[in-house]
Structure formats: C-alpha cells, structure tokens
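Peer 1: Sequence:
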Amino acid sequence: MISYQTLITMLIALTITSGCSISDKLVYHPDLIQGNYLSHNNLVKIRIGMTQEQVRSILGTPQVSDPFGSNIWYYVCRQKIRYRPLQQQTLKLVFNHQGILTNVNNQRIIFTHREIG
183 MISYQTLITM LIALTITSGC SISDKLVYHP DLIQGNYLSH NNLVKIRIGM
233 TQEQVRSILG TPQVSDPFGS NIWYYVCRQK IRYRPLQQQT LKLVFNHQGI
283 LTNVNNQRII FTHREIG
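For what it's worth, the working numbering labels the leading residue of the sequence shown as 183, then goes sequentially.
Hints should not be assumed to be uniformly reliable.
[Unchecked claim] Restraint-style ranges between C-beta atoms, simulated for each label pair:
#1 Ile215 - Ile194: 17 to 25 Å
#2 Tyr219 - Asn285: 38 to 46 Å
#3 Thr197 - Asn287: 29 to 37 Å
[What the hints assert, rightly or not] Simulated crosslink set (SDA-like; lysine to any residue; CA at most 25 Å straight-line):
#4 Lys274 - Pro244
#5 Lys227 - Arg266
#6 Lys227 - Thr191
#7 Lys274 - Asn253
#8 Lys274 - Gln216
#9 Lys262 - Thr272
Note that these hints are calculated values from the structure, not bench results. All residues carry an ideal CB built from backbone N, CA and C; glycine is no exception.
Please put together the full structure from these sequences, using the hints given.
Peer 2: What follows is the structure, given as structure tokens:
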C-alpha cells in the first residue's frame, strides 16, 4: 500500500510538471483558419488596374473596408496549424476614386509565443 507521504510527493511532482512543454504535444490541436483564406493561386491573379468588382470576384468580400468611403480594402487571414506558430497574412488593396486598383501590399507575420501572450 502507498504511504500518505509518497502520495503527497507524487501529487506535488505531477503538479509541478503539468506545465512542461512535452504535455503540449500530447494534446490534439486542430488546424484553425480565421478570416479570408488567401491562396497563392488567387493572389497571383490580382493586378494593378483591376476594378473593385474584378477583385471581389477573385478574393470575395473584404474582411475590413471603411464604411465612410475610403477606397482601402483589407483581407486578413490568421492560421494556426497544429504546433506551428500563429501566422497572419494581411492583404491591403488601395483603389482610386474610379474604383481601379492602384496599390497592393501583402504582408505575412509569424508570431512567437511571447508576442501572442
């Protein structure tokens, strides 16, 4: 039979080691994709000079656009794939007053665990 002191020692050891990173690998983490998924095949189709309707037909409705008439659209996609770091891709599209695409800015950020905290 296990003594009371041995039981307490095992419980303390389990409590202390429960935060170790090896336990993180034992827990299932499903893939998580939030926002507008920006595939490479769709991104290469976007060209300066396209209309807003053409861009919308390729990428879909932008996640963020200014309701007060600004011609800047944002497509944001956040991906957390299993044990890899969180990634965020932000596509910023700028249109002129006629609705023609004039600027494309595609930025990808990979977060470390400290930045997410």
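Peer 1: Now look at each hint and say whether the structure bears it out.
Peer 2: Going through the hints against the structure:
Between Ile215 and Ile194 the beta carbons are some 40 Å apart, a value that contradicts the proposed interval 17 to 25 Å. With their beta carbons about 22 Å apart, Tyr219 and Asn285 fall outside the hinted range of 38 to 46 Å. At roughly 48 Å, the beta-carbon separation of Thr197 and Asn287 lies outside the given 29 to 37 Å, and the hint is violated. Of the supplied pair hints, the one linking Lys274 and Pro244 holds, its CA atoms being roughly 10 Å apart against a limit of 25 Å.
Distance restraint check for Lys227 and Arg266: the Cα-Cα separation of roughly 28 Å exceeds the 25 Å cut-off, and the hinted pair is therefore not satisfied. For the proposed pair Lys227 and Thr191, the alpha carbon gap of about 63 Å is over 25 Å, so the pair is violated. Of the supplied pair hints, the one linking Lys274 and Asn253 holds, its CA atoms being roughly 10 Å apart against a limit of 25 Å. Between Lys274 and Gln216 the CA atoms are separated by roughly 17 Å; this keeps the pair inside 25 Å, and the hint holds.
Of the pairs offered as hints, the one joining Lys262 and Thr272 holds, with about 15 Å between alpha carbons and a cut-off of 25 Å not exceeded.
Hint compliance for this structure: hints 1, 2, 3, 5, 6 are broken, all remaining hints hold.
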